[in-house]
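**Student:** The primary structure of each chain is shown beneath.
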Amino acid sequence: MSDLPDITALLKLAKQPLPNPALTLRAGLLADSASQLLAGTLRGCARHLGFNLDLFEGEFDQIEMAVVDPASALHAFHPDAVIIYLAAEKIAVKFGACSVAERGAFAEEFAKRARGLHRALSGRGVQTIFFNLADPGDEVFGNHGNKVSWALRTQLRLCNLELSRLAREAGDFHVFDLAALQSSAGRAALFDPKLYFTSKFALAPGILPVVARDLVKMLAAPKGVFLKCVILDLDNTLWGGVVAEDGLDRIQLGDLGLGPAFTAFQSWLKQLRDRGIVLAVCSKNDDANAREPFLKHPDMLLRLEDIAVFVANWDDKASNIRRIKGIIEIDYGSMMFVDDNPAERQLVRESFPTMLVPELPEDPSEYVPFLASLNPFETATYTSQDAHRTIEYQTEALRHAEREKFVDLGAFLRSLEMSMVVRPFLPFNFPRVAQLTQRSNQFNLRTVRYTEQQIASLADSSTHVTLTFEMKDRFGDNGLISVVILEVKGEALFVDTWLMSCRVLGRGVEQFVLNTVVQAARERGIKRIVGEYLPTSKNGMVRDHYAKLDFSADGGRWILETAGYADRTAQIALCNDREVAHT
Amino acid sequence: MDTTDALWTELTAIFRRSLDDDGLTLSEKTTAADVPGWDSITHILIVVAVEKHFKVKFTAGEIQRLENVGQLAALIRARKT
Numbered sequence: 000m001s002d003l004p005d006i007t008a009l010l011k012l013a014k015q016p017l018p019n020p021a022l023t024l025r026a027g028l029l030a031d032s033a034s035q036l037l038a039g040t041l042r043g044c045a046r047h048l049g050f051n052l053d054l055f056e057g058e059f060d061q062i063e064m065a066v067v068d069p070a071s072a073l074h075a076f077h078p079d080a081v082i083i084y085l086a087a088e089k090i091a092v093k094f095g096a097c098s099v100a101e102r103g104a105f106a107e108e109f110a111k112r113a114r115g116l117h118r119a120l121s122g123r124g125v126q127t128i129f130f131n132l133a134d135p136g137d138e139v140f141g142n143h144g145n146k147v148s149w150a151l152r153t154q155l156r157l158c159n160l161e162l163s164r165l166a167r168e169a170g171d172f173h174v175f176d177l178a179a180l181q182s183s184a185g186r187a188a189l190f191d192p193k194l195y196f197t198s199k200f201a202l203a204p205g206i207l208p209v210v211a212r213d214l215v216k217m218l219a220a221p222k223g224v225f226l227k228c229v230i231l232d233l234d235n236t237l238w239g240g241v242v243a244e245d246g247l248d249r250i251q252l253g254d255l256g257l258g259p260a261f262t263a264f265q266s267w268l269k270q271l272r273d274r275g276i277v278l279a280v281c282s283k284n285d286d287a288n289a290r291e292p293f294l295k296h297p298d299m300l301l302r303l304e305d306i307a308v309f310v311a312n313w314d315d316k317a318s319n320i321r322r323i324k325g326i327i328e329i330d331y332g333s334m335m336f337v338d339d340n341p342a343e344r345q346l347v348r349e350s351f352p353t354m355l356v357p358e359l360p361e362d363p364s365e366y367v368p369f370l371a372s373l374n375p376f377e378t379a380t381y382t383s384q385d386a387h388r389t390i391e392y393q394t395e396a397l398r399h400a401e402r403e404k405f406v407d408l409g410a411f412l413r414s415l416e417m418s419m420v421v422r423p424f425l426p427f428n429f430p431r432v433a434q435l436t437q438r439s440n441q442f443n444l445r446t447v448r449y450t451e452q453q454i455a456s457l458a459d460s461s462t463h464v465t466l467t468f469e470m471k472d473r474f475g476d477n478g479l480i481s482v483v484i485l486e487v488k489g490e491a492l493f494v495d496t497w498l499m500s501c502r503v504l505g506r507g508v509e510q511f512v513l514n515t516v517v518q519a520a521r522e523r524g525i526k527r528i529v530g531e532y533l534p535t536s537k538n539g540m541v542r543d544h545y546a547k548l549d550f551s552a553d554g555g556r557w558i559l560e561t562a563g564y565a566d567r568t569a570q571i572a573l574c575n576d577r578e579v580a581h582t
Numbered sequence: 000m001d002t003t004d005a006l007w008t009e010l011t012a013i014f015r016r017s018l019d020d021d022g023l024t025l026s027e028k029t030t031a032a033d034v035p036g037w038d039s040i041t042h043i044l045i046v047v048a049v050e051k052h053f054k055v056k057f058t059a060g061e062i063q064r065l066e067n068v069g070q071l072a073a074l075i076r077a078r079k080t
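Line order of the protein sequences matches chains A and B. Using numbering that gives the first Met the number 0, you'd call the opening residue of the first sequence number 0 and step up by one each time. Using numbering that gives the first Met the number 0, you'd call the opening residue of the second sequence number 0 and step up by one each time.
No lab work stands behind these hints, which were simulated from the structure alone. Hints may contain errors.
In silico DSS-like links for lysine-lysine, alpha-carbon gap of 25 Å or less [stated by the list, open to error]: (1) A:LYS11 <-> B:LYS79; (2) A:LYS199 <-> B:LYS51; (3) A:LYS471 <-> A:LYS404.
To be clear about the criterion: a stretch of chain B counts as covered by chain A if any three or more of its residues have a C-beta under 8 Å from a C-beta of chain A, and this derived list gives those stretches [to be verified]: (4) 37-49; (5) 68-76.
Positions of the beta carbon are idealized from the N, C-alpha and C atoms, including for glycine.
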């Protein structure tokens, strides 16, 4: 991912759709100002990021008509998401025509409007991406406005708070934070009054590329496209200086020299880790020297428990990154590599073309502002289990070390003392299940992405069997590692979804899951299980999944007859009475 | 009107980029009707690009009164002197 092209370049790209896009996004754009420039920039930006975007542009200022009328052209288009942009400038003008009482109630009415639009879209299974309001800064009251409930600024802020609240309540309502963008870019970058009053464009062309980039990321995130991991160098990246040369007490952290900049960087990384982004260290150092600051320096914010995989040796960084991938099984395109050394960055860029390798500024003071400006970590879902991800990877590293001690795989697997809890989709696991269907790219037979709302429908469906698999072993809890969705189709059970965490490959989970699927079929008197593999650029590892499980090939599909099926061996104990969703 | 000086060359470059036409040549009398692709959208982008490149700001009225490229060049020149 390189520098963002300007609007002219993006509009040109918009006219050149990709022949083989990694992904095609499908969205609607509704606005009460002129939207052609934003629409073109969105298409161009999607293309720049490697996707095609089929975008429906609503009629000028016809938002309710498009959303509320079930026969509208918008709904006939079947978007996955609808972007709604209400311009604060329009509201500001309307304010003048309102009575003081109306102004004071504005945010309440605005919230009702937003909720109404959300409800209509949500009812049709469509995600809503709603722009919040950027303050036009009319200074009718100046700072005193904070004391006045019916001041425009007060009401706009209340509107934004209401939108945030709705975003927290509803999984399918997302806020595009235009107010935050204006805060960092400045009002002049966002708004050109001449353009607005003559041509009704409420966003200045210069800001459209960034707006488009972030919207495209929000559209792509539920399809599995987002960063999951940051690989970090140590010397002059996490602290100032070289620990092996300067010694523990002279590296710059805390108040020493440029320490405050590095401490700020560590704080940012710590917050990323807390939200489930995996941190890995890849440093050219002796392991002991590299670990010392984490263990002993009082101003280190990051500790070893924040680092999922710690690699410090004298091998080249490309080999080390491959090693890291072997442990955490995140694909290279979901990683960001941060290193102050341009030569290392170039090497990594060339070795892993899909990895994000930003050109870190020379001045450490600029690390956080620069990396933040890339907005690398947009995502569609966040669950409380995300915070545990680092611990999960750390225990994985322990399992890898344990494996080395066994010659016989069977003996190793028995030594793990694995046990599995099998459950149907239940409200408590809807978010995590949806998230897995959106994140999982590699061990995923059909790569069907589901939102939380769709998972809830499947849980309720009488023609579907839903299965979740949570595994523990003596090292720790792997959590939810596999999801299966089966659909009753006539005399057969069709495997709509079979995905698994790559971390548990080779442990017998596939066999255990198959035993569970066959049992579900038998309980319904179904004699045949039908599987399908839909190839993508990332799931080559499961091409022979059904062959390996002794399914027979039949046309493009895979068939298993349950008569005569004997349970496959898996060194995994069932932990509870199995609950399978009943029809 | 000097159509060979730096201002005219830079203006032509802006038009070429915005209209995606490397071979475009402009004359003083050129109007939007004469150039394929010069529509209301590209017009806006050309004005924005001109303002940014020459570090000038036009009023809405001035833009609305422009009839051809020559008048645009004259407007820029007047601002820069």
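**Student:** Work down the list of hints and note, for each, if the structure agrees.
**Tutor:** Structure-based check of each hint:
Distance check on the hinted pair: LYS11 of chain A and LYS79 of chain B sit about 31 Å apart at the alpha-carbon level, beyond 25 Å; violated. Taken as a hint, the LYS199 of chain A and LYS51 of chain B pair is honoured in the structure, with Cα atoms around 20 Å apart against an allowance of 25 Å. As the CA atoms of LYS471 of chain A and LYS404 of chain A are separated by approximately 20 Å, the hinted pair is consistent with the 25 Å bound. With 6 residues having a Cβ less than 8 Å from any Cβ of chain A, the segment 37-49 of chain B passes the three-residue criterion, so the hint holds.
With a threshold of 8 Å between beta carbons, the proposed coverage of the segment 68-76 of chain B by chain A is violated, since 0 of its residues qualify and at least three are required.
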